[in-house]
Amino acid sequence: MADPALFEFLHTEMVAELWAQDPDPGPGGQKTSLLVLEGMGFRVGQALGERLPRETLTFREELDILKFLCKDLWVAVFHKQMDSLRTNHQVQAPLRLPGTLLCPQGTYVLQDNSFPLLVRMASGLQYLEEAPKFLAFTCGLLRGTLSTLGVKSLVTASVAALPACKFQVVIQKL
Amino acid sequence: DALSTIILFLQNYPLYIRSIPTENELKFHYMVHTSLDVVDEKISAMGKALVDQRELYLGLLYPTEDYKVYGYVTNSKVKFVMVVDSSNTALRDNEIRSMFRKLHNSYTDVMCNPFYNPGDRIQSRAFDGMVTSMMIQVC
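For the protein sequence lines, the chains are A and B, in the order given. Just add 10 to wherever you are in the first sequence, counting from 1, and you've got the working numbering. Just add 1 to wherever you are in the second sequence, counting from 1, and you've got the working numbering.
None of these hints come from the bench; they were simulated from the model. Do not take every clue at face value.
SDA-like cross-link-like pairs, simulated, lysine to any residue; straight-line CA separation at most 20 Å [unchecked claim]:
{"id": "1", "chain 1": "B", "residue 1": "K49", "chain 2": "A", "residue 2": "L73"}
{"id": "2", "chain 1": "A", "residue 1": "K143", "chain 2": "A", "residue 2": "A15"}
{"id": "3", "chain 1": "B", "residue 1": "K78", "chain 2": "A", "residue 2": "T66"}
Given only the sequences and the hints, what does the whole structure look like? Please build it.
Okay, structure coming up:
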């Protein structure tokens, strides 16, 4: 079993490297770096979505896939399970533009109370504004794994106080 | 000699097609497309079944006079279809199973290859080599 610290160190360096390259640390440059990290996580997630699932057909419904993310994926990458999974199926009204259809969307909130990529940083509010950089890769990871398992989604993360964070997964139904 | 074709499908378009001997390719492509319907039927039938363990190996999809068509599906909804000449009676069910497993493992390796873009046709020589040696053993 690989030492969890190896991935943590690599991830830290990835984030540092992307931000070091940026001569203009304004909001525009930041956004690109976040997208790059998310994209990297996505490709890794796509591969893990193929490698991890077991020898039998285990996904009967969408919730099974979300549980897989919370257990199998989280344990494989972060050596712990997600602390909570909440579902919030609701119809969300987008901006009322003429001709827009209401799309029913499933929303899931995955909460990790002690996210390994944030744990070494702080316990509380210090470095709060830096936290998004350290969550972008993982958002992509979740989106990529879901993609391989046949689910199109949008994944965002939020932090109220380190090292706890929430990942919001919104299923895109076409 | 036993003719055979192996095709991998993602959704319903082919990721990889291989036939030995190659001149019969077109006939097999048509057959494999119809077998996709059978794969989809089997998958939805399994979905309704209350069994806990649902296998990836779908077994014999349908026999024709001259050929037997076998199927396999992954959790990532990739479908593998294999066509074998009916005259090849030496090939046992568990041998077909292990061939599918080998294909699945190799496909997973392809997914993990940084030069492979998920959704593209498979061009890996390593994958080709594995399929070649597998099909030669069958013939």
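Evaluated hints:
1. B/K49 to A/L73: 17 Å, holds
2. A/K143 to A/A15: 18 Å, holds
3. B/K78 to A/T66: 12 Å, holds
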